[in-house]
Amino acid sequence: MWTLFHKFGSPPWLYRLSGAILRWLLPITVVALVAGSVWGLLFTAPDFRQGNSYRIIYIHVPAAVVALAGYYVMAIAGAVSLIWRMKMADIAMRACAPIGAALTFIALVTGSIWGKPTWGTWWVWDARITSMLILLFLYLGVVALYEAYENKALAAKACAVLSLVGTVNIPIIYKSVDWWYSLHQPASIKFTGGSTIDPSMLYPLLFMILAFYALFTCALLLNMRAEILQREQRTAWVRALAGERGGS
Amino acid sequence: MYFESLAAVVQMEGHGAFVWSAYFITIGVIVFMVYAPRRREKRFLRQLEGQIRRAEGGSPPSASKEV
Amino acid sequence: MTPASAAGFCFRLLRRQLVLGLRRPVELGNPLLFFAMVVALFPLGLGPAPDTLADFAPGILWIVALLSNLLTSDAVFRSDLEDGSLEQLLLAPQPLYFSALAYVLAHWLLTGLLLGLVSPVFALMLGLAPAAIPALAFSLLLGTAVLSLIGGIGGALTVGLKRGGMLISLLILPFYMPVLIFGSSAVQAALNGSPAGPYLAILGALLCISIALAPMAIAAGLRISVDT
Numbered sequence: 001m002w003t004l005f006h007k008f009g010s011p012p013w014l015y016r017l018s019g020a021i022l023r024w025l026l027p028i029t030v031v032a033l034v035a036g037s038v039w040g041l042l043f044t045a046p047d048f049r050q051g052n053s054y055r056i057i058y059i060h061v062p063a064a065v066v067a068l069a070g071y072y073v074m075a076i077a078g079a080v081s082l083i084w085r086m087k088m089a090d091i092a093m094r095a096c097a098p099i100g101a102a103l104t105f106i107a108l109v110t111g112s113i114w115g116k117p118t119w120g121t122w123w124v125w126d127a128r129i130t131s132m133l134i135l136l137f138l139y140l141g142v143v144a145l146y147e148a149y150e151n152k153a154l155a156a157k158a159c160a161v162l163s164l165v166g167t168v169n170i171p172i173i174y175k176s177v178d179w180w181y182s183l184h185q186p187a188s189i190k191f192t193g194g195s196t197i198d199p200s201m202l203y204p205l206l207f208m209i210l211a212f213y214a215l216f217t218c219a220l221l222l223n224m225r226a227e228i229l230q231r232e233q234r235t236a237w238v239r240a241l242a243g244e245r246g247g248s
Numbered sequence: 249m250y251f252e253s254l255a256a257v258v259q260m261e262g263h264g265a266f267v268w269s270a271y272f273i274t275i276g277v278i279v280f281m282v283y284a285p286r287r288r289e290k291r292f293l294r295q296l297e298g299q300i301r302r303a304e305g306g307s308p309p310s311a312s313k314e315v
Numbered sequence: 316m317t318p319a320s321a322a323g324f325c326f327r328l329l330r331r332q333l334v335l336g337l338r339r340p341v342e343l344g345n346p347l348l349f350f351a352m353v354v355a356l357f358p359l360g361l362g363p364a365p366d367t368l369a370d371f372a373p374g375i376l377w378i379v380a381l382l383s384n385l386l387t388s389d390a391v392f393r394s395d396l397e398d399g400s401l402e403q404l405l406l407a408p409q410p411l412y413f414s415a416l417a418y419v420l421a422h423w424l425l426t427g428l429l430l431g432l433v434s435p436v437f438a439l440m441l442g443l444a445p446a447a448i449p450a451l452a453f454s455l456l457l458g459t460a461v462l463s464l465i466g467g468i469g470g471a472l473t474v475g476l477k478r479g480g481m482l483i484s485l486l487i488l489p490f491y492m493p494v495l496i497f498g499s500s501a502v503q504a505a506l507n508g509s510p511a512g513p514y515l516a517i518l519g520a521l522l523c524i525s526i527a528l529a530p531m532a533i534a535a536g537l538r539i540s541v542d543t
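Chains as they are written, first to last, in the numbering used here: chain A, 1 to 248; chain B, 249 to 315; chain C, 316 to 543.
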């Protein structure tokens with residue numbers, strides 16, 4: 001157990017491992033994303049109320065689910081880096097923020113595009129949309145804080161504290177926004193919440209959620225690799241790596 | 249397959265513009281998400297490689313200007 | 316000199332912060348002046364119709380209170396970091412948790428408390444019904460305490476940075492949102508004639524959570540900032 005733990009703390013080991021993982025995970029992710037999209041776009045029946053526009057669900061919901069999970073991954077990595085002072089956890093935490101922001105952005109944009117044919121407007125101050133918007137702000141806050149610090153080791157610590165504060169706050173924010181919305185809910189807009197989803201629509205959705213998790217992992221590893229090299233640029237193994245490229 | 253022809257797939261009974269634009273924006277963001285760190289890594293390695301070659305050249309500072 | 320107990324230490328810290336604040340009465344008035352000026356912007360922007368203003372008054376007053384709290388929380392630790400007394404505080408044997416709490420309490424007494432006490436005047440200027448004014452004042456008193464605690468986290472994390480001003484608002488505004496929701500709802504409820512008590516109770520619960528947790532985050536943030 002502890003040897004594994006120490007191995008995770010070793011940059012060259014993690015760099016090589018992530019390279020090996022990405023070699024097969026990246027193609028699998030691409031295939032899964034394409035297959036899931038084709039499944040959802042072409043091989044399912046349209047929703048009887050929303051017609052074909054509901055097909056956006058196959059990217060909207062997975063992006064939203066993984067974006068939220070990503071914040072917890074970031075907070076856990078932050079906690080690990082604060083408690084055990086693990087350099088790799090720092091790097092993982094830093095890598096989560098832009099990916100999470102990108103996924104939240106996807107969820108917001110696709111939700112807005114979905115809203116146009118369904119509700120007739122591009123934007124509704126609905127509880128879920130507002131919460132996602134706040135999540136985007138939280139991610140961008142972490143990125144901004146990290147960039148503001150000159151010393152990247154301190155930046156990572158500060159971001160870890162911020163993401164832990166965010167973890168405590170996210171349930172409160174979600175609940176309060178939910179409650180706020182129920183107080184102000186306009187009668188003209190009806191939501192499909194609570195309606196059951198047909199298995200023929202559910203399976204491709206679950207498949208896409210898995211594909212998005214794989215995508216998150218790939219993007220995380222890719223970002224970590226770039227960051228590892230930059231942080232370790234003075235070490236012999238990174239120089240050897242660069243030299244290898246030059247020789248070949 | 250639910251749709252009968254390619255035209256029907258593109259049209260999606262009037263919702264095509266929404267569905268396809270959502271998918272294409274997503275593809276764009278995902279490609280950027282995967283491509284940006286790879287480019288950062290490649291560029292960094294190339295820079296470092298140049299640095300090492302210049303250092304190994306061992307020549308006086310004037311030579312380093314060539315690269 | 317006998318070693319001070321933790322409570323005595325915090326009390327002296329609190330008194331020091333208050334004295335420092337009271338010695339600069341102009342700076343003390345700044346948040347209130349800001350509050351007054353932004354309140355004056357709304358009739359100019361929305362039009363002077365009393366009905367519209369009264370409708371928006373709970374939200375306006377709460378947002379302005381939030382902003383003026385935000386702008387002051389940048390400065391909670393700054394001068395103490397610059398003159399080195401913050402470093403002394405971190406080295407002191409007393410738990411940093413309580414010291415952080417003393418700082419936040421001083422900040423609240425000098426901004427939130429005053430704001431809550433002065434708010435009825437502005438509420439009347441915006442045409443808020445007098446029935447809602449107690450709810451406004453109480454919700455502001457409770458809510459600004461939560462805001463001060465959260466703002467303290469932002470202040471602690473950014474105090475070591477040269478350009479903290481804009482950054483701190485990006486960091487902590489999302490965390491202000493629940494307070495804004497329940498605070499303005501309390502006033503709204505009082506306007507509609509329903510009891511504001513439940514909302515004040517929720518604000519009180521938020522205050523309890525943040526008293527328990529925020530000083531830890533502030534302490535961690537200060538440790539990081541002193542290293543820079």
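Just so you know, these hints were derived from the structure itself, not from any lab. Treat the hints with care, as some may be off.
[Said to hold, decoys possible] Heads up, simulated DSS-like pairs for lysine-lysine below, C-alpha to C-alpha not over 30 Å straight-line:
{"hint": "1", "chain 1": "A", "residue 1": "87", "chain 2": "A", "residue 2": "152"}
{"hint": "2", "chain 1": "B", "residue 1": "290", "chain 2": "A", "residue 2": "116"}
{"hint": "3", "chain 1": "A", "residue 1": "152", "chain 2": "A", "residue 2": "116"}
{"hint": "4", "chain 1": "C", "residue 1": "477", "chain 2": "A", "residue 2": "152"}
{"hint": "5", "chain 1": "B", "residue 1": "290", "chain 2": "A", "residue 2": "152"}
{"hint": "6", "chain 1": "A", "residue 1": "87", "chain 2": "C", "residue 2": "477"}
Results of checking the hints against the structure:
1. A/87 - A/152: 11 Å, holds
2. B/290 - A/116: 41 Å, violated
3. A/152 - A/116: With a Cα-Cα distance of about 42 Å, the restraint between residue 152 of chain A and residue 116 of chain A is violated, given a limit of 30 Å.
4. C/477 - A/152: Since the Cα atoms of residue 477 of chain C and residue 152 of chain A sit roughly 15 Å apart, the hinted pair holds (cutoff 30 Å).
5. B/290 - A/152: 21 Å, holds
6. A/87 - C/477: 26 Å, holds
Of the numbered hints given earlier, the model fails hints 2 and 3; all others are met.
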